[in-house]
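Protein chains: 2
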Amino acid sequence: MPTIVVDVMPKAELLDPQGKATTGALARLGHGKFENVRIGKRFEFGYDGEVTEAVLAEVRQMADEILSNAVIEDVVSITVDGEAR
Amino acid sequence: MPTIVVDVMPKAELLDPQGKATTGALARLGHGKFENVRIGKRFEFGYDGEVTEAVLAEVRQMADEILSNAVIEDVVSITVDGEAR
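Protein chains in written order, with UniProt numbering: chain R, 1 to 85; chain U, 1 to 85.
This is chain R alone, in the form it adopts within the complex:
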């Protein structure tokens, strides 16, 4: 079964308090050269069938309308079996 991965990140212009807290924690733990941590979501799922262009269009629509909140998040990548689509 093909594996589809959709990556969703908070929009660049928005604050990411979770990421900011992580940046601070890394610095306190001695990893101060790592900057501007942002934390998003990674959705991984299978598809029961062949991933055609029509299925890809369906995935893109799902990613934009169901898996992410377009007000605060961007879909940054969609891959099928490791290949960017």
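Treat the hints with caution; some may be incorrect.
Stated by the list, open to error - Taking lysine-lysine pairs in the DSS-like style, the calculated list, with each CA pair at most 27 angstroms apart, reads:
no.: 1; chain 1: R; residue 1: 41; chain 2: U; residue 2: 20
no.: 2; chain 1: U; residue 1: 33; chain 2: U; residue 2: 20
no.: 3; chain 1: R; residue 1: 41; chain 2: U; residue 2: 41
no.: 4; chain 1: U; residue 1: 33; chain 2: R; residue 2: 33
no.: 5; chain 1: R; residue 1: 11; chain 2: U; residue 2: 20
In short, the hints are calculated from the structure, not lab data. All of these numbers come straight from a predicted model, not from anything done at the bench.
Dock chain U against the given chain R, drawing on the hints supplied.
Then chain U, alone, in the frame of chain R:
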């Protein structure tokens, strides 16, 4: 500044209730051929300097010990400027 991405997923042998709920929601919304959704985290951050092998080792350690919880999660990929490392 190089961009480092660390992907963390719930371990395959553990239930992922959030993913299960999403699988159900997709099915109800007419996307029933997408199966076994699992939801993990995507950490994106910059590094102030060149990413040497020593820095990569530091990132791997951070990923295993700080960014993920090894009891319930796996670090599934680390990329630097889009390249798997």
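We went through each hint and held it up to the structure:
no.	hint	in the structure
1	41(R) with 20(U)	15 angstroms, holds
2	33(U) with 20(U)	14 angstroms, holds
3	41(R) with 41(U)	5 angstroms, holds
4	33(U) with 33(R)	44 angstroms, violated
5	11(R) with 20(U)	26 angstroms, holds
In summary, the structure is inconsistent with hint 4 from the numbered list given earlier, while agreeing with all the others.
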